[in-house]
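Colleague: Chains as they are written, first to last, in my numbering: chain A, 30 to 315; chain B, 30 to 315; chain C, 30 to 315; chain D, 30 to 315.
None of these hints come from the bench; they were simulated from the model.
You may find that some hints are simply not true.
It does not matter which identical chain is meant; a pair holds if it fits inside one copy or across any two.
As the list claims (entries may be wrong) - Think about it this way: if two alpha-carbon atoms lie no more than 25 Å apart in a straight line, the pair counts; the simulated DMTMM-like pairs of lysine to aspartate or glutamate are:
1) Lys303 with Glu94
2) Lys283 with Asp302
3) Lys75 with Asp33
4) Lys303 with Asp116
5) Lys270 with Glu301
6) Lys72 with Asp302
7) Lys270 with Glu84
8) Lys270 with Asp145
9) Lys46 with Asp67
10) Lys75 with Asp302
11) Lys303 with Asp44
12) Lys168 with Asp279
13) Lys270 with Asp67
14) Lys75 with Asp279
15) Lys310 with Glu93
16) Lys283 with Glu107
17) Lys72 with Asp145
18) Lys310 with Asp67
19) Lys283 with Glu143
There are 4 protein chains.
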Amino acid sequence: MMQDSNAILLLSCPDRKGLVARLSNFIFQNNGNIVHADQYTSKQGKYFFMRIEWELGGFALSREEIPVVFAPLARQYEMRWELHFTDYVPRVAIFVSRHLHCLHDLILRRHMGELDASVEAVISNHEDARELVEQFGMKFFHFPVTPDNKDSQEDRQLVLLKELKVDLVVLARYMQILSGKFIGQYVNRIINIHHSFLPAFAGSNPYQQAYNRGVKIIGATAHFATEQLDEGPIIAQDVIKISHRDTIADIQTKSKDLERIVLARALRLRLEDKILVHGAKTVVFE
Amino acid sequence: MMQDSNAILLLSCPDRKGLVARLSNFIFQNNGNIVHADQYTSKQGKYFFMRIEWELGGFALSREEIPVVFAPLARQYEMRWELHFTDYVPRVAIFVSRHLHCLHDLILRRHMGELDASVEAVISNHEDARELVEQFGMKFFHFPVTPDNKDSQEDRQLVLLKELKVDLVVLARYMQILSGKFIGQYVNRIINIHHSFLPAFAGSNPYQQAYNRGVKIIGATAHFATEQLDEGPIIAQDVIKISHRDTIADIQTKSKDLERIVLARALRLRLEDKILVHGAKTVVFE
Amino acid sequence: MMQDSNAILLLSCPDRKGLVARLSNFIFQNNGNIVHADQYTSKQGKYFFMRIEWELGGFALSREEIPVVFAPLARQYEMRWELHFTDYVPRVAIFVSRHLHCLHDLILRRHMGELDASVEAVISNHEDARELVEQFGMKFFHFPVTPDNKDSQEDRQLVLLKELKVDLVVLARYMQILSGKFIGQYVNRIINIHHSFLPAFAGSNPYQQAYNRGVKIIGATAHFATEQLDEGPIIAQDVIKISHRDTIADIQTKSKDLERIVLARALRLRLEDKILVHGAKTVVFE
Amino acid sequence: MMQDSNAILLLSCPDRKGLVARLSNFIFQNNGNIVHADQYTSKQGKYFFMRIEWELGGFALSREEIPVVFAPLARQYEMRWELHFTDYVPRVAIFVSRHLHCLHDLILRRHMGELDASVEAVISNHEDARELVEQFGMKFFHFPVTPDNKDSQEDRQLVLLKELKVDLVVLARYMQILSGKFIGQYVNRIINIHHSFLPAFAGSNPYQQAYNRGVKIIGATAHFATEQLDEGPIIAQDVIKISHRDTIADIQTKSKDLERIVLARALRLRLEDKILVHGAKTVVFE
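Given these sequences and hints, build the entire structure.
Modeller: Structure (structure tokens):
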């Protein structure tokens, strides 16, 4: 239904005078109606970021023509850019190990129509999630990982992701470290949830670290995966208060609620094409 | 210093195709450089809101010419609009009664350079604030109010505000109800702080109301004053957790911190020309 | 396993000198080890509240003897009191209509071992929840409600609750108003989730009310059900920020996350016997 | 006014059966009325913490007798303990450098009667604060610090603190590192505010660190000063959301509000004798 769908341009480039005018004219002169336009210029470095969403109904260019016509303009301004259509349903693979709360939450949201994505696969190094996943009619793939087979299993996972035409990988508490090779094939397309308020308590066992340090607030962080573990661009964070009365088990229980909400929020922002990555940071048009 | 200042257009109108392009072209064709552009279209009612800020340095139109040249465009689209310049320092009058925490906070922020406003007068129906106000070199005006002299005192206050060319009135816990006549002369230019999470606990003694109801969270609300008390468009709100252990005195202490922060945030948003009022609600471009 | 379980006394009475000593001596002289003791004395009204938890292992009195021996002491101080054992798993019935997010969340938490309760029945006036409920091996009961059969259906529900020996009723977005008769049989044993920050936006359609009023923060409230709708003692509340950009659908999505968390928190507090009701308010020993 | 004052015992010791009974009996048998009793037993390490507050009016022991009579009981249970009286007004010295927002806030709270402390001195390595401090009738001491005179200036500061009988030192954004010698004389009596969510962004320039890392939430931490900078026991923390739009200046402005509130909260907790330090962590009886 062409008339109900929108196109979205996500772009960034060095700041130049007239950029907003140039871009909005591109839409207007092709008879498009802008429904959202968010723009941001970093003061340091003078870099320009924009997200424009316009109605495809009545637009003078077909979906195939838009990138062709836009490309020269983009080259002129040295833009990095992406074009999306709101009626495309992204294909997602969820990686999980033994902590299933985030997976369960994503399944629930999918079930209730809150996440506009198609879960093509749930992939795990353990069997724990199989029953739940299959109960909801999704495909489960078990890739047991040992130090010896880690590389070959990753290769098999990559083949599977290609076969399933996966757009986006969600690490929903996946306890294996992905190789640079794997990450390199899905740059800014792997969302990880870390169960601490990064950069505090990076690495393993953040619940125990938080308990030992005696912090009064704990957090969770969703970020794009990069080779440097826990250092990828942050998409979303949230926190909750704790006290001396909270045991590690209490911290875990409270954190799980955070992790679910923060991961779901980050995923939704990505599915709505509201995130631009710039260096080690994100621009999020909420 | 023309070259360091920016112009800001705040406008709203019925949504029409090409509005963003039309407006950004107006700036671009006059050789302006847009530094911020925020735009929002309400889905209900299809109304368009925009805030554009551009550099005056190098702009083809003088400050006086801008409104003249812009007016026809505004008429064509049935816009309500305001034009501001970032180097103008708004003139503010603060009204206060006996609770001085908000006043004290505003003085502190002013003193530390956090509020870009000129406090022309502090006006009160009590003498409590005089010493503090005069200590910081500001003018204090005492208008004692009785049921009999309320109208005449308001008239005198209005005369004073005109004399001092006050742009903005801040009710920093002012315990008198302003008349429709007064408010009518400063529509969307009177910011009030109410010590509850409106619309909960409107009216008098919200601390006591919150205590009696046994809520677990209390709040504060900054809003534009309207004739219907506590029903004006909300600018900012914030909350803090309480428990059964909190006495009314504890609630008051916690609330005061909220009130200070929420009022300061609302005032800053207004001073930065980031608020548009539409019906009973605000659009805040943060 | 007697040795791993604890006893919990929840009590309230007019404040008297020596109460803490008297109560801790009762435990100590019977060779009990106190693991938690929370106490609170209201300044208004001078009322005393306490929660004591002690190990049953080595305690001189059997479970049956404790209330017998404690009763005279309780009478002397005019106490209202409850005795609980931590190894008893409360039997819960969940009522739901067509919004299933809270139900789904409770099922998830039950599944992950986060809620120490036995869900004996899910009761609904619609069929929507049946598939999900039965998928997780729980019993679903459909009680369609019309103005004509409302009373008789409630009577049948009450019979069912008795048969199933239900201790606690959770209204997880149940859209029928329960009669005074029903509530009277489960005083302080029915937890309702209201999708607003009460007392703001009581009644129907709080999302729409919040949208219309233009609030900048929305909330959710878990409370004990009373005959006066939405006026029962509040157990837990939480909030989230919104902006003018949030449509009613966005408000609903954000609110659902709140509702799930707030209801789960309230239920957990109740299952851990940490709530005392006093008049229209709660004392929550977190 | 003996009859209006309370005594407070803060104590910790290895957990033993009957501790609560033993302690509450101590009060009761001397005809005391307990107005607050908070207790906590750590599950790891089985350590017991308690805060008891009782009315001195009618109590059988004089202020001088209480520690004498209590000492044998404390020895028996290997307690660390402190005895406080609510009518004693602690004597505080505030250290500050050039950022005056926390100092200003403490002065304001003192002025409004929110902080029950006597500010005996404001000490700074700069002159910036003098005018403000003297304006409010407090004593200002300037100790310029260079690498050469650092030790001798600290010695002079210590002499001054002794002379003024200071109980508590508040580092309200003091940019000098105190020596182990200084800290050793005020163990758990120096409260520092760090302008980040520790342990994230310890060390210098946390605003810049937060900006560079692209976090979505910033925080502030009040803690007791220890030799290991920024590693002392945490008393209070709070956070606020930021976005990519926030410049370092914006982060600073938002953080300052946090710092003021978190420091004031930590100080109030200390003045109300609600903090116990245990190892690297605090037990806070709120």
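Colleague: Give a verdict on every hint.
Modeller: Now for the hints, and whether the structure bears them out:
no.	hint	verdict
1	Lys303 with Glu94	within (23 Å within a copy, 38 Å between copies)
2	Lys283 with Asp302	between (29 Å within a copy, 19 Å between copies)
3	Lys75 with Asp33	between (36 Å within a copy, 16 Å between copies)
4	Lys303 with Asp116	within (15 Å within a copy, 33 Å between copies)
5	Lys270 with Glu301	between (30 Å within a copy, 20 Å between copies)
6	Lys72 with Asp302	both (23 Å within a copy, 19 Å between copies)
7	Lys270 with Glu84	neither (43 Å within a copy, 29 Å between copies)
8	Lys270 with Asp145	between (31 Å within a copy, 23 Å between copies)
9	Lys46 with Asp67	both (17 Å within a copy, 17 Å between copies)
10	Lys75 with Asp302	both (23 Å within a copy, 23 Å between copies)
11	Lys303 with Asp44	both (20 Å within a copy, 23 Å between copies)
12	Lys168 with Asp279	neither (33 Å within a copy, 30 Å between copies)
13	Lys270 with Asp67	between (33 Å within a copy, 19 Å between copies)
14	Lys75 with Asp279	between (45 Å within a copy, 17 Å between copies)
15	Lys310 with Glu93	neither (31 Å within a copy, 41 Å between copies)
16	Lys283 with Glu107	neither (45 Å within a copy, 34 Å between copies)
17	Lys72 with Asp145	between (34 Å within a copy, 20 Å between copies)
18	Lys310 with Asp67	both (17 Å within a copy, 21 Å between copies)
19	Lys283 with Glu143	both (23 Å within a copy, 10 Å between copies)
Hint violations for this structure: numbers 7, 12, 15 and 16, all remaining hints satisfied.
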